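The working numbering applies: residue 33 is where the sequence shown begins, and numbers increase by one.
No lab work stands behind these hints, which were simulated from the structure alone.
Values in this document were obtained by computation on a predicted structure and should not be read as measured data.
The C-beta atom is built at its ideal place from N, Cα and C for all residues, glycine as well.
Incorrect hints may have been included.
In silico BS3-like links for lysine-lysine, alpha-carbon gap of 30 angstroms or less [as the list claims (entries may be wrong)]: (1) Lys99 - Lys119; (2) Lys225 - Lys259; (3) Lys119 - Lys271.
Okay, the calculated beta carbon distance ranges per label pair [as the list claims (entries may be wrong)]: (4) Leu243 - Arg275: 23 to 33 angstroms; (5) Arg282 - Pro125: 47 to 57 angstroms; (6) Lys188 - Asp262: 37 to 47 angstroms; (7) Leu264 - Phe184: 34 to 44 angstroms; (8) Leu37 - Leu254: 39 to 49 angstroms; (9) Glu203 - Leu37: 29 to 39 angstroms; (10) Met33 - Met109: 21 to 31 angstroms; (11) Lys90 - Arg288: 36 to 46 angstroms.
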Amino acid sequence: MTPVLYERPAEGVALLRLNRPQARNALNNATRVALAEYFRGFSEDSATRCVVVTGDDKAFAAGADLKEVAALGAREMMQTGIRRLWKAIADCPKPVIAAVNGFALGGGCELAMHADIIVAGEGSKFGQPELGVGVIPGGGGTQRLVRAVGKFRAMKMLLTGEIVDGRQALEMGLASEVVPDAEVLGRALSLAKRIADLPPIAVELCKEVVLTGQDCPLDAALNLERKAFDLLFDTSDQKEGMRAFAEKRRPHFTGR
């Protein structure tokens, strides 16, 4: 069975579906390799303007596949290349949307947090329960969760294994919006299509400035923003966008 299914539901939009329903879409090595390859490809593909990642109605991803790693030692674990998946997603310049139904636990929660937008179903479940099996989060959970929800809420989730639902995730800043379970993928694709219709150079620069700037002193981040803003005035899409606004018509962006 192919661990990740790839679709093109709309122009400029790539859809990745985790496809291990028998294992609640647990992230085994084959799944991680496939995801990393797709994201590396999307990074270089001008036809891809936004990526949506989803699972099925029961699980987005229920964590790592413990059957693969339970007996490994430290050296063997370091040689698995797990971190390559997270780097491939983190380095992708295209906006990424996670459409989350069901369980997003452990590595599944970390996968969702690598996205730029999280659309959560009302019945979704987020958590980092790794301490219960003798390890800590290894895909960025200790750092990304703190940045998303703050130290004290993150510590409670990490240290107790607390699971929160979609509504709680929204309230604490772990989701962008929450919708009925049946509407999750449709809403995510609607957002992706909207993003794909925007000028791609500006979209990618906006993502880069936000992500780079959040770890910089404010003055440095503002300088980064100003330089990106100024550079966009050398793009055809900037001229087209402002001309279309003045002419009260829909712009046609070409990515130049």
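Within 34 to 44 angstroms or not, the Cβ separation of Leu264 and Phe184?
holds (39 angstroms)
Range hint 36 to 46 angstroms (beta carbons of Lys90 and Arg288) holds or violated
This hint holds: roughly 43 angstroms between Cβ atoms.
Okay, Met33 versus Met109 on CB: inside 21 to 31 angstroms?
holds (25 angstroms)
Pairwise beta carbon distance, Leu37 to Leu254, judged against the given window 39 to 49 angstroms:
holds (42 angstroms)
Has the given pair, Lys99 with Lys119, been kept, meaning a C-alpha gap of at most 30 angstroms?
Since the Cα atoms of Lys99 and Lys119 sit roughly 23 angstroms apart, the hinted pair holds (cutoff 30 angstroms).
Is 47 to 57 angstroms right for how far apart the beta carbons of Arg282 and Pro125 are?
violated (25 angstroms)
Within 29 to 39 angstroms: is that where the Cβ-Cβ distance between Glu203 and Leu37 falls?
Once the Cβ atoms are compared, 32 angstroms apart, the range 29 to 39 angstroms for Leu37 and Glu203 holds.
Within a Cα-Cα threshold of 30 angstroms, do Lys225 and Lys259 meet the stated pairing?
holds (28 angstroms)
Under the criterion that the straight-line Cα-Cα distance not exceed 30 angstroms, is the pair Lys119, Lys271 satisfied?
violated (34 angstroms)
Does 37 to 47 angstroms hold as the CB distance between Lys188 and Asp262, or does it fail?
holds (43 angstroms)
Take the C-beta atom of Leu243 and the C-beta atom of Arg275, compute their distance, and say whether it sits inside 23 to 33 angstroms.
holds (30 angstroms)
In summary, the numbered hints that this structure violates are 3 and 5.
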